Amino acid sequence: MNAGDLVDTGGSVNAGGSVNAPVLSVTSLVKKFGHFTAVDDVSFELMPGASLGIVGESGSGKTTTARILAGLEQPTSGTVALDGEVIEGHSRRARLRHARRLQMIFQDPYSSFDPRQTIARSIAEPLRLHAPGSRKEHQARVDELLDQVGLSRRAGESLPRDLSGGQRQRAAIARALGIAPRVLVLDEAVAALDVSIQAQILTLLDQLRRDTGISYVFVSHDLAVVRYITDTSIVMRHGRIVERGETEQILRGPQHPYTRLLLDSIPSPDWDLDRVVQDRRALDLR
Amino acid sequence: MTLTIPALRARSAKRRRRRPLIVSLAVAFLILVAAMGLLAPVLAPHSPDATSLLNSLLPPGAEGHWLGTDSTGRDVLSRIMYGARLSLLAPLGVVLLSGLLGTAIGLLAARAGGWADAVLSRGMDIVFAFPSMLLAMLVVAVFGPGLTAPICALAVSYTPFVGRVVRSVAIQEGTRPYMESYRVMGFGELWVTLRHLLPNVVPVLVAQSTLAFGYALVDLAALSYLGLGVRPPDADWGSMISQARSAILQGEPWSGLLPGLVVLLTVVSVNVLGEHIGGSIGRKQSEGA
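Taken in sequence, the protein lines are chains L and Z.
Residue numbering for the first sequence follows our numbering, beginning at 1038 and increasing consecutively.
Residue numbering for the second sequence follows our numbering, beginning at 98 and increasing consecutively.
Think of the hints as simulated: they come from the structure by calculation, not from any bench.
For clarity, every value in this text was computed on a predicted model and none was experimentally measured.
The beta carbon of each residue, even a glycine, is placed where N, CA and C say it ideally should be.
Any given hint could turn out to be false.
To be verified - With a Cα cut of at most 25 Å, we get these calculated SDA-like pairs of lysine to any residue:
#1 L:LYS1069 x L:LEU1109
#2 L:LYS1069 x Z:THR272
#3 L:LYS1069 x Z:TRP212
#4 L:LYS1069 x Z:ARG292
#5 L:LYS1069 x L:ILE1124
#6 L:LYS1173 x Z:ARG292
#7 L:LYS1173 x Z:TRP288
#8 L:LYS1069 x L:THR1116
#9 L:LYS1173 x Z:TRP212
#10 L:LYS1069 x Z:TRP288
#11 L:LYS1069 x Z:PRO274
#12 L:LYS1069 x L:GLU1225
#13 L:LYS1069 x Z:GLY211
#14 L:LYS1069 x Z:GLY271
#15 L:LYS1069 x L:ARG1277
#16 L:LYS1173 x L:ARG1153
#17 L:LYS1069 x L:THR1113
#18 L:LYS1069 x Z:GLU277
#19 L:LYS1069 x L:GLU1110
#20 L:LYS1069 x Z:ARG208
#21 L:LYS1069 x L:HIS1258
#22 L:LYS1069 x Z:ARG280
#23 L:LYS1069 x L:GLN1111
Claimed, not checked - Label-pair distances were calculated between CB atoms; the ranges are:
#24 Z:SER121 x L:HIS1127: 50 to 56 Å
#25 L:SER1095 x Z:PRO296: 30 to 36 Å
#26 Z:ALA201 x L:HIS1127: 43 to 49 Å
#27 L:THR1113 x Z:LEU231: 50 to 56 Å
#28 Z:ASP214 x L:VAL1123: 31 to 37 Å
#29 Z:GLY376 x L:SER1065: 35 to 41 Å
#30 L:LEU1109 x Z:ILE378: 26 to 32 Å
#31 Z:VAL365 x L:ASP1231: 51 to 57 Å
#32 Z:ALA226 x L:ARG1130: 42 to 48 Å
#33 L:HIS1127 x Z:LEU231: 42 to 48 Å
#34 Z:ASP222 x L:HIS1127: 30 to 36 Å
Make the full structure from the sequences, and use the hints.
Here you go:
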């Protein structure tokens, strides 16, 4: 098991604050649900300020991977290390340390808020947990966060149901940023939004990454979105990583037939449905 | 024209939230009964315990005794007023206790899941299947008459009535994605349960407790009727009916019928109110989804 090595490197690098140490490293992650293997030997690293895409169809294990990163699922085996420190234990301390480093944005921003709380109160809640301070300080921080994601104070005083999908996703991002995590996991974060709103959120995410140096793990089935928001990507199928590399390179010259299939499946002027079917058949025969 | 438009709008808004007449009547009656009990020393025309054998079994409308007197000549109206205190407070105690127990057990079962849920749920099923009156009578047999024992016994037998509903609502709410988002933010299970689950459970709890109040009132009146609850000479609707037994056989039913009528109206009012609260929660939930 090389998890021990990772801890050691992380420890020494942490002290020095070197730029070359990964902020997130995932090693031989496996998740089984009964006999079904959802995630099969997945490993990757994420540098500070980098953005990694996890691409695949539904059922490819990408969401399960994201949920393991967020601590919502326990891996059957393998490790997740944040800042070189392997995540383990369920103590309150361990939970808070994990949360302070990694946050997650869900696909449906509406249901990720308590429907009875105003947006501002929902954003203030994790602040109270992670950054104890006076009511006034939290209020100021909430205003700052709302401003950072382009929401008005009035939007902050609204209930989740009174905001649009895009506004809610901005609010969800603000809430996550309040904890100042090093890594943000975005699970299909723009999939539920209109295309025009998607672009706005993606621009916002891009800008936030440049401003704060936060890292992204961007889980998506949408290759156009991944192309815009990520530097490197991994392609998952049946729980395994079938291709990895620079996002641009993967999309230009896919090596694995599955990646090619995904690319061919995007509707375009010269879209050839027969080829998609052929690709699929060839893939299933492998 | 400009004047009528806001008026129309106000009226249509009112129509949407209109409260049925029966509910208003029920609430009015309950307020009346509660006020009677609260202000009994001021309002009651006679002492509830003052006997007068010369004036026994007067029919309603008699001079100085609006609702007549019982077999020992005590004023029925005064006794109904003083009786409201015990007859309302005792079921209130039952409801508060069972609400507390039921909420705690329901939330615990819902959040813990697994074998803890199985044990708690089966436990509630067993208590639920056990007749509440029988349990109350057993407890009285062990601890002797008085109100404390039957209140505790009924509270235990009504706990599943509250606990099962709390559990199912908590399970439903617990699967909502925002619960997970709180876990990712590092919040503990207890905090999420009390801060975000409990507020969702409260409306159902109120509806269920209101219904339980009605049942408890009837059960306690029955216990008092059997001589297992309130001890004489304390006034209580159930014991008033009980003490009127011989008078009823003599063809003087009033001193028993009137407290019986008050019990009936109170329970019907409480049930109407409970159904209304439960119904409006259902409506709100279907709107909110």
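For each hint, the structure was consulted:
1. L:LYS1069 x L:LEU1109: holds, 14 Å
2. L:LYS1069 x Z:THR272: holds, 21 Å
3. L:LYS1069 x Z:TRP212: holds, 22 Å
4. L:LYS1069 x Z:ARG292: Given that 25 Å is the threshold and the Cα spacing comes to 33 Å, the pair is violated.
5. L:LYS1069 x L:ILE1124: holds, 19 Å
6. L:LYS1173 x Z:ARG292: Given that 25 Å is the threshold and the Cα spacing comes to 22 Å, the pair holds.
7. L:LYS1173 x Z:TRP288: The given pair, whose Cα atoms are some 23 Å apart, holds under the 25 Å limit.
8. L:LYS1069 x L:THR1116: holds, 14 Å
9. L:LYS1173 x Z:TRP212: violated, 45 Å
10. L:LYS1069 x Z:TRP288: violated, 30 Å
11. L:LYS1069 x Z:PRO274: holds, 22 Å
12. L:LYS1069 x L:GLU1225: holds, 22 Å
13. L:LYS1069 x Z:GLY211: At roughly 20 Å apart (the allowed maximum being 25 Å), GLY211 of chain Z and LYS1069 of chain L satisfy the hint.
14. L:LYS1069 x Z:GLY271: Holds: LYS1069 of chain L and GLY271 of chain Z sit about 24 Å apart, inside 25 Å.
15. L:LYS1069 x L:ARG1277: holds, 13 Å
16. L:LYS1173 x L:ARG1153: holds, 22 Å
17. L:LYS1069 x L:THR1113: With a Cα-Cα distance of about 6 Å, the restraint between LYS1069 of chain L and THR1113 of chain L holds, given a limit of 25 Å.
18. L:LYS1069 x Z:GLU277: holds, 20 Å
19. L:LYS1069 x L:GLU1110: holds, 11 Å
20. L:LYS1069 x Z:ARG208: Cα-Cα ~24 Å, so holds.
21. L:LYS1069 x L:HIS1258: holds, 22 Å
22. L:LYS1069 x Z:ARG280: At roughly 22 Å apart (the allowed maximum being 25 Å), ARG280 of chain Z and LYS1069 of chain L satisfy the hint.
23. L:LYS1069 x L:GLN1111: Distance of about 10 Å is within 25 Å: holds.
24. Z:SER121 x L:HIS1127: 50 to 56 Å: holds, 52 Å
25. L:SER1095 x Z:PRO296: 30 to 36 Å: With Cβ atoms ~34 Å apart, the hint holds.
26. Z:ALA201 x L:HIS1127: 43 to 49 Å: violated, 23 Å
27. L:THR1113 x Z:LEU231: 50 to 56 Å: Holds - the Cβ-Cβ distance for THR1113 of chain L and LEU231 of chain Z, about 51 Å, lies within 50 to 56 Å.
28. Z:ASP214 x L:VAL1123: 31 to 37 Å: holds, 32 Å
29. Z:GLY376 x L:SER1065: 35 to 41 Å: Cβ of GLY376 of chain Z to Cβ of SER1065 of chain L: about 55 Å, so the range 35 to 41 Å is violated.
30. L:LEU1109 x Z:ILE378: 26 to 32 Å: At 30 Å between Cβs, range holds.
31. Z:VAL365 x L:ASP1231: 51 to 57 Å: holds, 53 Å
32. Z:ALA226 x L:ARG1130: 42 to 48 Å: holds, 45 Å
33. L:HIS1127 x Z:LEU231: 42 to 48 Å: Given about 45 Å between the Cβ atoms, the range holds.
34. Z:ASP222 x L:HIS1127: 30 to 36 Å: holds, 32 Å
Of the hints listed earlier, those the structure fails to meet are numbers 4, 9, 10, 26 and 29, in rising order.
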